[in-house]
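Asks: Residues per chain, in single letters:
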Amino acid sequence: MAATATTTGTPYLPAAEALSPAPARGGLDPRLYQIAALTGLLAYGLLRLDLEVRPGRAAIILISVLATQYTCTRAWRLPAFDARSALISGLSLCLLLRTNWAALAAMGAVLAVASKFVIRVRGKHVFNPTNFAIVALLLTGQAWVSPGQWGSAAFFGFLLACLGGIVVNRAARSDVTIAFLAAYAGLVFARSLWLGEPMTIPIHRLQNGALLIFAFFMISDPRTTPDRRAGRVIFALLVALGAAFVQFRLFRTNGLLWSLAVFAPAVPLIDWLLPAAPHRWPAAPLRRSE
Amino acid sequence: MKRPLVLAVLLMAAVSGDRILAFCGFYVGKADTKLFNQASQVALVREGDHTVLTMANDFQGDPKEFALVVPVPTFIERRQIAVVDKGLLDHLDAFSAPRLVEYFDVDPCAPPPMPAAAAAGGGRDLMLKSGGAMRGVTVEATYTVGEYDILILSARESNGLESWLIENGYKIPSGAAPILGSYIKQGMRFFVAKVNLKEQAALGFTFLRPLQVSYETPKFMLPIRLGTVNAKGPQDLFVFALTRTGRVETTNYRTVKLPTGMDLPLFVKAEFKDFYKAMFAEQVRREDMHAVFLEYAWNMSWCDPCAADPLSSEQLRKLGVRLENDNRPTFVSRLHARYDAAHFPEDLVFQETSNQDNFQGRYVLRHPFKGTSQCLEATRYDGDLNARREREAQNLAQLTGWKIEDIRRKVQTVKITETAPDAALPAPAPWYRRVWASLSWE
Chain U
1 MAATATTTGT PYLPAAEALS PAPARGGLDP RLYQIAALTG LLAYGLLRLD
51 LEVRPGRAAI ILISVLATQY TCTRAWRLPA FDARSALISG LSLCLLLRTN
101 WAALAAMGAV LAVASKFVIR VRGKHVFNPT NFAIVALLLT GQAWVSPGQW
151 GSAAFFGFLL ACLGGIVVNR AARSDVTIAF LAAYAGLVFA RSLWLGEPMT
201 IPIHRLQNGA LLIFAFFMIS DPRTTPDRRA GRVIFALLVA LGAAFVQFRL
251 FRTNGLLWSL AVFAPAVPLI DWLLPAAPHR WPAAPLRRSE
Chain V
1 MKRPLVLAVL LMAAVSGDRI LAFCGFYVGK ADTKLFNQAS QVALVREGDH
51 TVLTMANDFQ GDPKEFALVV PVPTFIERRQ IAVVDKGLLD HLDAFSAPRL
101 VEYFDVDPCA PPPMPAAAAA GGGRDLMLKS GGAMRGVTVE ATYTVGEYDI
151 LILSARESNG LESWLIENGY KIPSGAAPIL GSYIKQGMRF FVAKVNLKEQ
201 AALGFTFLRP LQVSYETPKF MLPIRLGTVN AKGPQDLFVF ALTRTGRVET
251 TNYRTVKLPT GMDLPLFVKA EFKDFYKAMF AEQVRREDMH AVFLEYAWNM
301 SWCDPCAADP LSSEQLRKLG VRLENDNRPT FVSRLHARYD AAHFPEDLVF
351 QETSNQDNFQ GRYVLRHPFK GTSQCLEATR YDGDLNARRE REAQNLAQLT
401 GWKIEDIRRK VQTVKITETA PDAALPAPAP WYRRVWASLS WE
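Residue numbers (my numbering), protein chains in the order written: chain U, 1 to 290; chain V, 1 to 442.
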């Protein structure tokens, strides 16, 4: 699908799905790699881990995200329908969101994608779509996330896949992932050191598939993180602190998700304090007009 | 000998009980927790932050030797402690145990049965030495409850607590101090119980009844770490979590459903308990001992097939369920962990989900038709039987790790005595219902 490239920000556009300057390096869109990694993980989960998600449920979520993306593309009169970001949101929802009701799962999918178009400040959407949908559904009391569902066997394979993503991404926006993981791991280790716990405990806590999905596919979302590197590092630290607070002070689960949702609205403020050009995804296979 | 145990928490959500699929079949056996040595049973009621922990264990030795040290998140008053009837946990165990059902094939020459109708079964509904203060240990309270002397301790540092416990006659394993220290830093108290021999003699109990503690805490966890110090090999822990919203699962370990629904050779009926032990050991091995197993998850108002009657309101109340606060049915999740320090480095942390899908460990015996019939179907049926026996043998080998040759030999040689039920036989669910069931809720 052709898209017209622009050279300046396009603040009225919901996301980079449509208009975008040429990919910075003309290379592979990192989202394709992400889609491949998430699909592989979902297949592994379905076939080997007996995750509480059925193929039918996954299909409902994926169809719903694509339909919502399509509808919003038309409604906002974007020049091109681009499935990539929506697929990433949908696959992440399949991996994380659990509910008894198919309708709620579909609602989560719609909320995720629609939030990109509706909840916007200065041309950027505020919430990571998956994070927004999950937190919204957790608030209903009818959905949950199973952070313990990944075994350690899955962890190392998945870690490799995620690190592969950094390579593909050529560290373009990996700073937020690295800063977050360093801060969060630091907090988990520091707490264990303070408590005198053996190091097997913090290591066990960090060997968690949900943490990897969060760090590599959610907080890393370049569209919802601050534009300047210093801003992104500050943001990552805030989210790590918030997550540790929820887990170790409030003793509630899903600290990562709650923390990201709480600090996401601070991104526009950080961007205001530390302005920079916003990120754009490489466009779909496109004809450059420049 | 110490059997350290622990504590825990939960939440809720309303879901009607309409998403259930009836299993028909005759309940014939169950495998309860008594099979396992070094097993602890814990009933864990969680409503919001309100937590009631009932602890039983298989301590067999001299009651003088018994002591229990449980980290608890708050100070515990006398009214928060009770001693309850062991029968409550036994009943909960029996209700939720893996079960064996059997079906009897109908005459292959008879007209096909109607799809299975309504489900069978159905709903029905310490004596102290001083010196504690010097060691930074404060005895915050002492109570005698039933046959137990109970202390609530707080401490400032772990070495002091360890020394204090040792001086007061508790055999604290070496290596416990750092663990005690981490609980102290988290502001936890220690619930310490010993048997009061006089009281025990007066009460006339020859075994130790379960202790029950209730408290309010956001922490929904069970401290297992103390129990792993000096443990002789892995231990088994059964957690019967009672909530109103749905299943309880561990958030820091994988919660894995026990394999269920397989057809097994008929001889398993006589050795169902061995089967359960072997199967559980095999599943633990496959998960590299890093998982907690879900063995049962069910709305307490019914069961099918029933391994035991659902608990009565009175029994649930005694376990700490506050029926007066909430009229939703109680949901029970039975979790089974085999753990040691190497594979379970941190305490179990739980969460309550709104998952109300029913689940049970259920294994099926199918008795061939014994009569004599002559028809085309009968010939085909005889041919299918051999394939079915082989499938059953393979299932058993896969579940338990037993050698397939041994199983095949037993299938051939073990004499099956069967008692066909008098009543009309419910047919196995038609294939489309089984497929639907497997797609939909298991």
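Heads up, a few of these hints could be off.
Straight-line distance between alpha carbons at most 20 Å, and here's what the computed EDC-like set of lysine to aspartate or glutamate pairs gives [unchecked claim]: (1) V:Lys370 <-> V:Asp384; (2) V:Lys257 <-> U:Glu52; (3) V:Lys185 <-> V:Glu199; (4) V:Lys185 <-> V:Glu157; (5) V:Lys415 <-> V:Asp105; (6) V:Lys185 <-> U:Asp50; (7) V:Lys277 <-> V:Asp340; (8) V:Lys257 <-> U:Asp227; (9) V:Lys269 <-> V:Asp105.
Label pairs and their in silico Cβ distance ranges [unchecked claim]: (10) U:Arg249 <-> V:Ile166: 31 to 37 Å; (11) V:Asp49 <-> U:Ala277: 55 to 61 Å; (12) U:Gly56 <-> V:Lys277: 53 to 59 Å; (13) U:Arg228 <-> V:Ser174: 50 to 56 Å; (14) V:Met289 <-> U:Arg122: 49 to 55 Å; (15) U:Leu241 <-> V:Asn159: 31 to 37 Å.
Stretch-level coverage of chain V by chain U, calculated; a stretch enters the list once three of its residues show a Cβ under 8 Å from a Cβ in chain U [what the hints assert, rightly or not]: (16) 88 to 94; (17) 179 to 193.
Since the hints were derived computationally from the structure, they do not count as laboratory data. Treat the numbers as computed from the prediction; the structure is a model and nothing was measured. Glycine included, each C-beta is placed from N, C-alpha and C at the ideal position.
Asks: Determine which of the earlier numbered hints do not hold for this structure and return their numbers in increasing order.
Replies: Hints 3, 6, 8, 11, 12 and 16 are the ones this structure does not satisfy, whereas the remaining hints hold.
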